[in-house]
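Student: Sequence:
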Amino acid sequence: MRREASRPIVIAAGGTGGHFFPAEALAAELIERGERIVLLTDARSGALASMVFAKTEKHVVAGAGLAGRSAKRAIQGMLALARGTIEARAILRGLKPGAIVAFGGYPSVPPILAAISVFGAKPLIILHEQNAVLGRANRFLSRFADILAVNFPLTQRLPARMQTIVVGNPVRPTISDLYGQGYIAPDKVVELLVVGGSLGAKAFSSLVPEALTKLPENFRVRLRVMQQCRAEDIEAVHQIYNNAGIQVELSPFFKDVAALLKRAHLIIARAGASTVTEIAVAGRPAIFIPLPNSIDGHQRINADVLAEHGGAARLDQAGLTSEILAKEIETFLMNPGYLVEMASASARMGEPNAAARLADLIQERVNA
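Residue 213 in this note's numbering sits at position 233 of the sequence shown; the count goes up by one each step and never skips.
Take every hint as true, because none was put in to throw you off.
Listed below are the simulated BS3-like cross-link pairs for lysine-lysine, each with C-alpha atoms no more than 25 Å apart in a straight line:
#  : residue 1 : residue 2
1  : K168      : K194
2  : K38       : K235
3  : K182      : K307
4  : K76       : K35
5  : K182      : K194
6  : K76       : K38
7  : K168      : K307
8  : K35       : K235
9  : K235      : K182
10 : K194      : K307
11 : K102      : K76
12 : K242      : K168
Derived from the structure by calculation, the hints contain no laboratory data.
Make a model of the complete structure from these sequences and hints.
Tutor: What follows is the structure in structure tokens.
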């Protein structure tokens, strides 16, 4: 329902696509409803081209992560967060928002700290957690928030006595449109999508091509590979595929992810929350290779949400060889009926209406 917005809704998100894309999906939904959206973000999000936020007011504030840093860099990070909080305070003082919705990661910290220090009666503060483990930024910010919206029902490390509501993870409209379109097992051509998250995955540049070259020739000639690949690795990776006679499309960043998901018969991917969510909404079978050093092991736990329900397989990178991966892929390709079963299980875990559910929650509380 469209209405003339009064007080704006501030969205605090940035960093990697895992935080940014759900924020973009929510913004699109709220804009469609007539809300005025203002984005507070960090400098890194500029690399993630957004048609949605291109039409909104947006401000870049300073910030930096603190995890895994030396003492010197941790101090620098704290100073950057302090500077970002001062910048956000000046912005929020003029906006007087009705709500602030933060999507985790360090870009969420300055806007929330600014909000509680600017207003006598602070705006509604909602945190959204995409992963199956509550992230460090959201754990810290939860003491200031009114509501914690989560993607997964069994999200770990939730704070006690915090109002928590399961809404799912917002996906862009082009992704949600894939829900319920079904899955057709490969017959002749096999479309294989390989994605490593919004920042790419260096390990995939060697592991996946080497695995695919070890497949029997009758499988190799059927493959059509679409692989996200770091720019500096493209030439070498392309050569590996060419030598094996495998057709491939390589890119550092795929803009039309929905089109690739629709084509894919099997996906090999990291297990960031947005990746897992989008695969489930599209109803596609996947092999997840979680990022080994993800904070709190959240990628492994994300992957298990689908794997434990039959929608995916999880292979840990530690000890994983191209031979092991090749055998796993070959097993799937030899059993198309199993791919169909996995696709159905994956789709059962999909939530295409998360953006609308989160938007409903925000509007209900702001207008209460």
